[in-house]
Amino acid sequence: MPRTTTVECPGCPPIRVLTFDVLGLVKVVEARAKQGGVPKVVERWGEPDTSRHVLAASINDSKFDPLLAVARKSGVTEVLNPINGDLRGLVPSVCQSDVQPEDDAIVGLHLFKKQISDSSSSSGNIVCSKVDGSENYALFGGKGVEANVWDLDKCTKIWTAKSPPKNSLGIFTPTWFTSATFISKDDHRKFVTGTNNHQVRLYDISAQRRPVMSFDFRETTIKAVAEDLDGQTVYIGNGSGDLASVDMRTGIQYCQHVLT
Amino acid sequence: MAVKRKKSNTGDMIVPCGKEDSNSTEKKSNGKEHLLPSMIKNKEKRSAVHAQLKHQKKLEKRKKAKAREADEKRALEIGEEPPPRKIPRTIENTREFDETICKPDDEELFAGNDGDEFSSILKHESTSKILITTCRFNSTRGPAFISELLSVIPNAHYYKRGTYDLKKIVEYATNKDFTSIIVVHTNRREPDALLVIGLPDGPTAHFKLSKLVLRKDIKVCCCISFIFFQNTNFLHSNSKASYCAHKISPKNHGNPTSHQPELVLTNFTTRLGHRIGRLLSFSSFNVEATIVLYWLWNSTWKDRIRNILSAANTIMLYWLIQSLFPQDPNFRGRQVVTFHNQRDFIFFRHHRYIFESKESKQSDSKATKGKDTKDEKSAQEKTVARLQECGPRFTLKLISLQQGTFDTKGGEYEWVHKPEMDTSRRRFFL
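Line by line, the protein sequences give chains D and W.
Residue 1 is where the first sequence starts when you use the numbering used here, and the numbers rise one by one after that.
Residue 1001 is where the second sequence starts when you use the numbering used here, and the numbers rise one by one after that.
Derived from the structure by calculation, the hints contain no laboratory data.
From the three backbone atoms N, C-alpha and C, an ideal C-beta is built for every residue, glycine too.
Please note that a few of the clues may not be correct.
[To be verified] Label-pair ranges, simulated between beta-carbon atoms:
{"#": "1", "chain 1": "W", "residue 1": "Lys1409", "chain 2": "D", "residue 2": "Cys155", "range": "30 to 40 Å"}
{"#": "2", "chain 1": "W", "residue 1": "Ser1210", "chain 2": "D", "residue 2": "Gly231", "range": "46 to 56 Å"}
{"#": "3", "chain 1": "D", "residue 1": "Thr173", "chain 2": "W", "residue 2": "His1259", "range": "28 to 38 Å"}
Extracted from the complex, chain D is given alone in its bound form (with noise of 0.2 Å):
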């Protein structure tokens, strides 16, 4: 069953995406065509085995050095090419295998070693985390933890967020955030977040400590936001294999792919 998969910009063929999954294996699927076409698996990297599960991976896309990191359970992060898999370089992982960091590859390492400082600070268990494109700030947030945001050059929390009021029953649900991307590369200021209770919720930090905009998104947790290049559209998974595409400034939803 694949848990992360990471899209390459499009470079020969349309689409490249990598696949990882719960046996270890990374595998490269191409759609060659131009209006899309059927996606074929084109390479398989790794042999199947389940100690080698994948659990977070992360890709850095320059063009002359490409590399990949993709942390494993048993402990161990491999630094791959994202072109034709082959290994640079191996990371013994200092935190534990249930917490699953999701990171740039360049600042892995650091990101790893804060991880645990952090982690131990705050109360709960951080589920998400992610870092922006000019890899000065980090993001962070999880189960009882609210969404903060960390200058990494200071390694001090800039901004945490306030949950929203009691809705019109006066039930207030527990925080629980399960995923996190920023809205695009340059701006470190907006960025959307993914909750337990099937709410999507955009936050700015110049703003307000409150979510901007939060809409509800069918009826089981979101798994996976994902921003794409335009810096405008989000892409969100949830729990039920159910796949949508927003426009964060209006909140309209493009399109909605129901798993069948």
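Based on the hints, put chain W in the right spot on chain D.
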């Protein structure tokens, strides 16, 4: 009278259109283009035309069947090969192509099996311990059903539900080293759903339970004998007749002994089905032998059992053979539990069986002849298995399969049934 005449007139007028002329298909298609019953607005005339059409079709069908039988008889009398029998088109035959059907050479499948939550029990490295409980409401047939489940499933324990939270129950059970939980859910005082939770962090399967028949209600048609190599098909009506081919003795249900039953899982072809099959065997049985039969490409019982008995090379059955053959002597209990999947419904049956060698009638009548007959006798001896149904009988249908222990809100679903999935009658997921 006038009305009747009019009707017959219209009837006469329509037939010459050539609609029912089976000899020339061209005429037929032309006729149909001219006049379909649905084009007639008058209900009486329309229904009359429709009835006539159906009658014509019935006569044609009977004619064809008779012609076929006559051909076969003639061929047998002459000594030639009778013309091959046509295969009827069934929904299972015409199932939509599914890319998730397990293939026999899929190494990822086996690697996944080795590493999944069920592997330690299915490899007999540890024993299973099952906790059975109910929902919070009382039910009429629930306790009887649970007591029967306790007798069928080895090493199962029943605990009253009280008002505990299901998530808490999962925690307690993990602490006490249970390997799975079965929750019998009740609706309107009838057991309605089954929740199977693997532990410690296994998947949660939610099944809809229906057609529950308790042991005391199992009556006449249960003592069945069938020749070992025969097609079994719970839904196809023709085979039902052949299933109960021999004398049905009006005995009552059998009582299960304390031996651990063998498990038979049939027709779980897709990846999802495979996983559910493993979940069912994991949560039910400390199996002595698990027979996992894959209904590959319309193979019959004959082929499958032949494969098992002759230690086939099919990679699909490799681990099953490993578990089967060393344990041959443990077939003492002669009880078998079957989970048969057909059209996404899983049928649960519990039987006691006994093998008998039955000589066919022909050899009996020729017994006086002497040496020649001896060969004939041995050639015509068949191993017959007689079955006696015992234990509950019910059907399950998968509603959802959730990864992790019970968590409807926050859990990730591996598979959940949505109404949008029912696109065609020939599409199945298990």
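Now for the hints, and whether the structure bears them out:
1. W:Lys1409 with D:Cys155: 30 to 40 Å: The hinted range 30 to 40 Å holds for Lys1409 (chain W) and Cys155 (chain D), with Cβ atoms some 35 Å apart.
2. W:Ser1210 with D:Gly231: 46 to 56 Å: With Cβ atoms ~52 Å apart, the hint holds.
3. D:Thr173 with W:His1259: 28 to 38 Å: 52 Å, violated
Going through the hint list in order, the structure does not satisfy hint 3, though it satisfies all others.
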